[in-house]
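Engineer: Input sequences plus hints: build the corresponding full structure.
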Amino acid sequence: MRARKPERADQRSRAGARLRAAPAVQGIAGTRRFRHAERAPGGSADGRNLPRRSFMNRHRALGLLFVAFVAAMLSYAFSPRRAAPLPATEIRIEQMLTLAAAQAGERLVAAGERGQVFASADGGRHWQVVATPVAATLTALSFADHRRGVAVGHDAVILLSSDGGVSWREVSSAPEAGAPLLAVRLLADGRGFALGAYGSMMTSHDGGESWEEAVASADDRHLNAIAVFTDDTLVLAGEAGLLLRSDDGGAHWEELDSPYNGSFFGLQILADEVLLAYGMRGHIFRSADRGESWEEVDSTTEAALFASAMLADGRVVLTGQGGTVLLGDAAGRVFRAVDSGGTGVHAALLAQGDAVLLFGEGGVSRLAMGGEGAQ
Amino acid sequence: MKTNRLVQALGHVLFRQRRAFLALFALITVLLGWSATQLRVDAGFEKMIPLEHPYMKTFVDYRSTFGGANRVLVVLRARDGDIYNEPFFAALKSLTDDVFFLPGVDRATVTSLFTPNVRYIEVVEEGFAGGNVIPADFAGTADDLAEVRENVLKSGRVGRLVANDHSAALVSAELLEIDPNTGAQLDYLAVAAQLETLRERYQAQGFEVNIIGFAKAVGDITEGARGVLLFFAVTFVITALLLHLYLGSAKLAGLGLVCALVPVVWQLGVLPLVGYGIDPMSILVPFLIFSIGVSHAVQMINGWKIEVHHGADGLTAANNAFLKLFMPGATALLTTALGFLVILFIDIAMVQELAITAAIGVALIVITNKMLLTILLSWMPRSAAGKGGDAAKPAGEWLWQRLKRFAEPRRAVWVLAGAAVLLGVSALQARHLQTGDLGAGIPELHDDSRYNLDTAAIVESFSIGVDVLSVIAQSHGVDGACTDFDIMDTLDRFETHMRNTHGVQGVLSLPGMAKVINAGWNEGSPRWRVLSRDPSVLAQSVTPIDTSTGLLNTDCSAMQILIFTRDHQGHTIAHVIEEVKRFAAANASEHLELRLASGNVGVMAATNEAVDAAELKILVLLFFAIGLLCYMEFRSHTATLCIVLPLSIVAVLCNALMATLGIGLKVPTLPVIALGVGVGVDYGIYIYERMQHELRRGAGLVEAYLEALRQRGTATMFTALTMSIGVGTWAFSALKFQADMGVLLAFVFLANMLGAVMLLPALASTMLAPQDRRHKHAKKA
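Just so you know, the protein sequences line up as chains A and B, in that order.
The opening position of the first sequence corresponds to residue 1 in the working numbering, with each subsequent residue numbered one higher.
The opening position of the second sequence corresponds to residue 1 in the working numbering, with each subsequent residue numbered one higher.
A couple of the hints might just be wrong.
[Stated by the list, open to error] If you want a taste of the chain B side facing chain A, the calculated C-beta under 8 Å gives, among others:
| # | residue |
| --- | --- |
| 1 | A420 |
| 2 | E523 |
| 3 | H571 |
[Stated by the list, open to error] What follows is a list of derived Cβ distance ranges for each label pair:
| # | chain 1 | residue 1 | chain 2 | residue 2 | range |
| --- | --- | --- | --- | --- | --- |
| 4 | B | A146 | A | N261 | 21 to 29 Å |
| 5 | B | A146 | A | G123 | 22 to 30 Å |
| 6 | B | A90 | A | F229 | 52 to 60 Å |
| 7 | A | V215 | B | D61 | 48 to 56 Å |
| 8 | A | R366 | B | A146 | 25 to 33 Å |
| 9 | B | A108 | A | A337 | 45 to 53 Å |
| 10 | B | Q203 | A | G123 | 46 to 54 Å |
| 11 | B | H476 | A | V215 | 43 to 51 Å |
| 12 | A | R336 | B | R160 | 25 to 33 Å |
Simulated from the structure, these hints should not be mistaken for laboratory data.
Note that beta-carbon positions come from the ideal geometry of N, C-alpha and C, so glycine has one too.
Structural biologist: Right, dumping it as structure tokens:
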């Protein structure tokens, strides 16, 4: 009683007539049963239906259209979904450790972990990645003018830029020596000094194009910082209280009597040729006579100090471990702690008028120093 | 015809030997009931994960090496101000002692400001100096507190032991799953209970307490699962009341309930026999079985009543009802079971157990409902059917007269148009459905559960991430990978890459820590935060890192990189995983293999991928299977389409609802459509079967549909309602996934019922196409 032969033909014709709903449409298998129903006594009134034939055909087409629509919607609704993708991975300054920062004309340049260099054209709000040819961590930056600058770092790499930090090329490296360069200074007259671990030093006389090894100290203590007075007196500071001075533009160096047996991480020249040397455990020493004699200044902190900068009004800012920021008066005698709101290490800073940009862990942060002098 | 004869023969045997069958069923019930008491709770973690997924193979391979995830954190928070006051330190000291004496605690790992393993180290001129953060002579004076504050800063524990804003401090401890002395398995529930008493004690002292950890989570989830028993009681009572109201006879209602409970007992009894336990997911199966049992019992009792109203005695009525309902009922149940079995394609043991136990339960209903219930009905006096039937009829008739219009062609067009619009809108909305859990905290519990609130509070005030993806770096053929510069440097680049990936909050890896230690050896200067090319210097940086950090194994052939993600939303996870794969592909090396993935996010990633892969497969199989069964039953394309199309539309609606309610497509919600369709197909089958019967007898479609409604409509609507209520009670479950499943299943059941009574007749009226016969007629004429 169920499937009878003629139905097969019905099904075949159905495939061809999907949406046209031509009169030839014989219909779906259910039809068969309808014919039964219709033959039975008391079937529905055919007479009523006859004038509405075209309506019924349209109706039928609608049914098929509906089936097609459901099929389309199903395949649409259940086709593989993909949520809006996240932005592509890009190196961002807030995810990198930056160890050095410098100003090249209007442009700010920062360098650090894994040879990354960043540049900002809007005073440090936005930073773009700058390509470098190295993957060694960069530790120091110095610009002689708004175009020419050098970056140094681990593997004793020295990078040179002659377009204000937009592009960099490698001019020297010694990966196997295991002595990183930790500080650099490129002067306007073309001289360059790069210093580093185990007393290593490299000098340049052609604006950083070529570098040669030089010797400043007799022992292998690290050299961490360099300061250049306006009269070309050079001072170096380093590990375990090491202090060196050259009065002949870097040709000869003499070791100064050190006030401290801990390491110095930085030097800062203030107005009136006052020199600050700072380093471990919050120690700050002050010299008014180019390093001949030193007095200790109360820093109010025991955190190591790694970097410094002079504000436009002559005041000095020092920064270091554990989010420490110290604000000192123009004479470098009185310091007080400023809350930087962070606890990460600050490894470099740049003065921007009355404010400073702090560099280190977690990107760049701007800290206003206020107009009032340090008490 | 052949099947009909078979059914007749079966009925003949059944009713002739009805006493023997009853005794047999009673015996089975007693035996399986006894077996059900052997049921054990089996909430194994492994059952919840797709063990066959490559990520999970990594997870299993390295689980014993990098365990350490079984930690408990108890945070003590000052209600106002910071922690540096005498009462806080007194409380923290006593809390540390309390945690120390918790069962299962590995006492060496207890860490708080008061434990000796928390020291500060500072670089001084002569080298390193250090001491305990809280000095031995600490007496709580202002000077002492100031010194402790200094030491806390020096210790570098801010964010880990002390909140970033110094408003809270925590005690952390690792739990040992196996007691090393007794070898006994740790009772997590006991630990969870003790932690809760600690919370009460210190909150009474005026502090806020947050507790997180696997033990606490297990405790809270188990607690939540227990609540389900209450829901079962509520469901039972509601169903009983509705059943009584509907059937108008306590006897018949009791009969229905008993026959719905018997398969539950049988199903629970079968579980221990096939080696299954019960877990927070399969605990829901008895609800389903009970509801389906009630649904079919109502059809059967209704059929019996109609026979009695037509003048049959109890036995004849039961026999006739059996003959009429055996085929549609058995088909419906078979289809339901098939729908459940389709879920087997989800490669997660817990879901597969759900599928099998539910399918077994449904198959058992064929016996209890078609055989046990009809036997019992055969002893029912005619009076039981009397007044209830008459009283219900007029009320139903009012509705049927309105519903039958859906079968009228002109109205059907509007119904289809409405359905098309609804479908279109839903399809658009369904595109927004996301894979994975969309909430914060652990997905098993609600976002506003105590546990997840505690998690949020801890994540906010400490630098502790709870969503972690772990990647295993396995070295091959390298002796001492930790001191191999190339390998360490590659991993350092990997860390950098992942740190810069969007959706990643932070990365913890051996190279990253070694870099910090290298700086420590160089007076803490950050300029030395690098990996040395010199193996001996590198060794110096790596040696201080203990295997207990979980970052390396004992011979350092494998290292673990912990990637903390911003959240565990599906697309965040997918993106992070993709970036890991991208890096691994770009840095393929025979010496270093980066293996995905472990950590809770690794498990979620594997689960999401398994769910995504299963979704389409399940749907296609599901509709193919039920379509085939419908076709075999009705031998008609039209019938198949009339039954399957509404179900498929509801499937889209369900996805759209999930997207709207913010419910993700995940392990517990993936089976919902299959369960819903498996159950919902019954309505269509019961109604169409009756309709077809009337059509064959020569009725017009509208009359046929009206008759189908009269005979099966009340039962269909009633069962959809009771089933929705049954699963709807889960919405109040403390377990989020039960609540999600409850809401969705309730919706799908109701929507499928509406589809069966509104869309099915409309579809039939357009597609059964009365003009065809007229057309033939015209040709002939």
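Engineer: State for each hint whether it applies.
Structural biologist: Right, here's what the structure says about each hint:
Annotation: A420 of chain B was flagged as interfacial toward chain A, and the flag holds, the nearest CB pair being 6 Å apart, inside 8 Å. With 8 Å as the threshold, the beta carbon of E523 of chain B comes within range of chain A, its nearest partner Cβ sitting at about 5 Å, so the hint holds. A cut of 8 Å between beta carbons decides the hint on H571 of chain B: the least distance to chain A is about 4 Å, and the hint holds. Look at A146 of chain B against N261 of chain A: about 28 Å separates their beta carbons, and that is inside 21 to 29 Å.
In this structure the supplied range 22 to 30 Å is violated for A146 of chain B paired with G123 of chain A, their Cβ-Cβ distance being about 39 Å. Distance hint for A90 of chain B and F229 of chain A: a CB-CB separation of about 57 Å, consistent with the stated range 52 to 60 Å. Our hint of 48 to 56 Å for V215 of chain A and D61 of chain B holds, since their Cβ atoms are close to 55 Å apart. Distance hint for R366 of chain A and A146 of chain B: a CB-CB separation of about 31 Å, consistent with the stated range 25 to 33 Å.
Checked against the hint of 45 to 53 Å, the C-beta distance between A108 of chain B and A337 of chain A comes to roughly 38 Å, which is inconsistent with it. At about 50 Å, the CB distance of Q203 of chain B to G123 of chain A agrees with the hint of 46 to 54 Å. For the hinted restraint 43 to 51 Å between H476 of chain B and V215 of chain A, the CB-CB distance of approximately 45 Å keeps it satisfied. Distance hint for R336 of chain A and R160 of chain B: a CB-CB separation of about 29 Å, consistent with the stated range 25 to 33 Å.
Hints 5, 9 from the earlier list are contradicted by this structure; the remaining hints agree with it.
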